[in-house]
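What follows is the residue order along each chain.
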Amino acid sequence: MSDERLVNPELTACEVHGMSRASFLLRGAMATGAVYGVAAVGPYVSSALAQSSSGGTGSNSAARMNASDAEILNFALTLEYLESDFYNVKAKQVGLSGQAKSYAKLFGEEESQHVEALTAAIKQLGGKPVAKPTFVFPANNEQTFLALASVLENTGVGAYNGAAPSLHSKQVLAEAGEIVQIEARHAAAIELLLGHTPTPNGGFDVPLTKAQVLAKAGPLIKA
Amino acid sequence: MPRDTEMQRSEFRQTEGPARRPVEEQSPRSMGIVERLTRDDSDRKRFLKVVGGTGAASFGAFVLAACGSGSTSSTATKAAASGVTTTSANTGDVAILNYALTLEYLETEFYAEVIAAKLFSGKVGALVKSFGVQEAAHVVAIKGAVEKLGGTPVVKPEGKFPITSANQVAQLAYTVENLGAAAYLGQAANIQSPEVLASALAIHSVEARHAASFGTLVKKPITPDGAFAKPADMTTVLAAVKPFLA
Chain A
1 MSDERLVNPE LTACEVHGMS RASFLLRGAM ATGAVYGVAA VGPYVSSALA QSSSGGTGSN
61 SAARMNASDA EILNFALTLE YLESDFYNVK AKQVGLSGQA KSYAKLFGEE ESQHVEALTA
121 AIKQLGGKPV AKPTFVFPAN NEQTFLALAS VLENTGVGAY NGAAPSLHSK QVLAEAGEIV
181 QIEARHAAAI ELLLGHTPTP NGGFDVPLTK AQVLAKAGPL IKA
Chain B
224 MPRDTEMQRS EFRQTEGPAR RPVEEQSPRS MGIVERLTRD DSDRKRFLKV VGGTGAASFG
284 AFVLAACGSG STSSTATKAA ASGVTTTSAN TGDVAILNYA LTLEYLETEF YAEVIAAKLF
344 SGKVGALVKS FGVQEAAHVV AIKGAVEKLG GTPVVKPEGK FPITSANQVA QLAYTVENLG
404 AAAYLGQAAN IQSPEVLASA LAIHSVEARH AASFGTLVKK PITPDGAFAK PADMTTVLAA
464 VKPFLA
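Chains A and B supply the protein sequences, listed in that same order.
With our numbering as the guide, the letters of the first sequence map in order to residues 1 to 223.
With our numbering as the guide, the letters of the second sequence map in order to residues 224 to 469.
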């Protein structure tokens, strides 16, 4: 594949073997990326995506990047609403004691702060924060509560780690990093309380795709 | 199932006594490490050479493999490294990775010394051993990532850690791991390559898990910075680890 650049926007609409030219060049960029490295083709890929999605030039690409970041943060906000509800509301319904009770109180406060921060960040990006969903948590005693807590926290770590490299804004990335670290700390503490290893993924936490996150969290979202 | 709300005290062997290693005066050699980390790799070419398409594709696969498991493929590293040289985008990432590598080398040495001191047993001992294994895996992954980018991995620094008792070591581990987590967080926004960023994030959260674990051990906060972890910049971190450089 040659390293030609898309210099003629009017060629966007041209068909090449049943594919639009933008898609054709995007595939070329992907192949080029495999050879030259993602860093070399990064901006070009974004530009090609901008071309193929709306046919426009880069003039509103900043808005597009913000919208993309806001979408990712809204996904995170849904998870934070979930965790906040879990620790602040469900925990009281289950009735916890000792360390489990103090963790739920502390983590609940922290997840609430995450909800606030993400809501503000989404607004700042010009996005609309999702409404708080209704959740259903299958846990009726301390043991099952803690087991579910470990699933939620570990899923949260994987979700942030999976989504963060797609963020355009470095500032938003930094904020996401500040939050994911807390989720990892929560996860470790819960695991230890359960008598499990605090590092269930070993030395490298596994980034999760949106689908993988939804497989864990989806069933808990009632509406 | 019994729940460990706190680590069993009997798993600490309280061997109070003289420090195993006196804390020495800082040698000029440590200044070299700091400088080595921050200088540009200017003797490298600033454009990529393509060698049969084995360059960045296998690097991406390597880094992602390192994210997903503890094992890495050194043969893939060597094969790919032969044809890839640094770009201007890479040099920044190489510097950050080498900075991380220095910290990981120090953490690995710390755990090796702690394990050799036989201060912990039972569940805590197993935990400390597992963390040591993980830090060693971080060294391998980051070293490989530097080489894949066409950089030169920083030389393993000589470390020295005061080791007097189980409790003192656990406190020190809490400090070191918190610092490590803050260091990675401090660099996240500076990383250019998405693959390197993915790797850094995969490690960052594990360091946080380590820190929280020692927090439970020494009864210090799981989240010492509250709901939002605080990043630490390179200058701050390197100053903080200076006492541990031999």
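It should be emphasised that the hints constitute simulated quantities derived from the structure, not laboratory data.
Careful: at least some of the hints might be erroneous.
[To be verified] Pairs of lysine-lysine residues, derived as BS3-like cross-links and limited to a Cα-Cα distance of at most 30 Å, are as follows:
id, chain 1, residue 1, chain 2, residue 2
1, B, K442, A, K90
2, B, K453, A, K132
3, A, K123, B, K453
4, A, K210, B, K453
5, B, K442, A, K101
6, A, K101, B, K453
7, A, K128, A, K216
8, A, K92, B, K442
9, A, K105, B, K453
10, A, K105, A, K222
11, A, K101, B, K383
12, A, K216, A, K123
13, B, K442, A, K105
14, B, K352, A, K90
15, A, K101, B, K346
16, B, K383, B, K443
17, A, K123, A, K170
18, A, K128, B, K453
19, B, K465, A, K105
20, B, K453, A, K170
21, B, K443, A, K92
22, B, K453, A, K216
23, A, K170, A, K90
24, A, K105, B, K383
25, A, K105, A, K132
Against the structure, the hints come out as follows:
{"no.": "1", "hint": "B:K442 with A:K90", "result": "holds, 26 Å"}
{"no.": "2", "hint": "B:K453 with A:K132", "result": "holds, 27 Å"}
{"no.": "3", "hint": "A:K123 with B:K453", "result": "holds, 23 Å"}
{"no.": "4", "hint": "A:K210 with B:K453", "result": "holds, 27 Å"}
{"no.": "5", "hint": "B:K442 with A:K101", "result": "holds, 16 Å"}
{"no.": "6", "hint": "A:K101 with B:K453", "result": "holds, 26 Å"}
{"no.": "7", "hint": "A:K128 with A:K216", "result": "holds, 24 Å"}
{"no.": "8", "hint": "A:K92 with B:K442", "result": "holds, 25 Å"}
{"no.": "9", "hint": "A:K105 with B:K453", "result": "holds, 21 Å"}
{"no.": "10", "hint": "A:K105 with A:K222", "result": "holds, 24 Å"}
{"no.": "11", "hint": "A:K101 with B:K383", "result": "violated, 40 Å"}
{"no.": "12", "hint": "A:K216 with A:K123", "result": "holds, 27 Å"}
{"no.": "13", "hint": "B:K442 with A:K105", "result": "holds, 17 Å"}
{"no.": "14", "hint": "B:K352 with A:K90", "result": "violated, 36 Å"}
{"no.": "15", "hint": "A:K101 with B:K346", "result": "holds, 23 Å"}
{"no.": "16", "hint": "B:K383 with B:K443", "result": "holds, 24 Å"}
{"no.": "17", "hint": "A:K123 with A:K170", "result": "holds, 17 Å"}
{"no.": "18", "hint": "A:K128 with B:K453", "result": "holds, 27 Å"}
{"no.": "19", "hint": "B:K465 with A:K105", "result": "violated, 38 Å"}
{"no.": "20", "hint": "B:K453 with A:K170", "result": "holds, 16 Å"}
{"no.": "21", "hint": "B:K443 with A:K92", "result": "holds, 25 Å"}
{"no.": "22", "hint": "B:K453 with A:K216", "result": "holds, 29 Å"}
{"no.": "23", "hint": "A:K170 with A:K90", "result": "violated, 35 Å"}
{"no.": "24", "hint": "A:K105 with B:K383", "result": "violated, 39 Å"}
{"no.": "25", "hint": "A:K105 with A:K132", "result": "holds, 20 Å"}
When each numbered hint is compared with the structure, violations occur for hints 11, 14, 19, 23 and 24.
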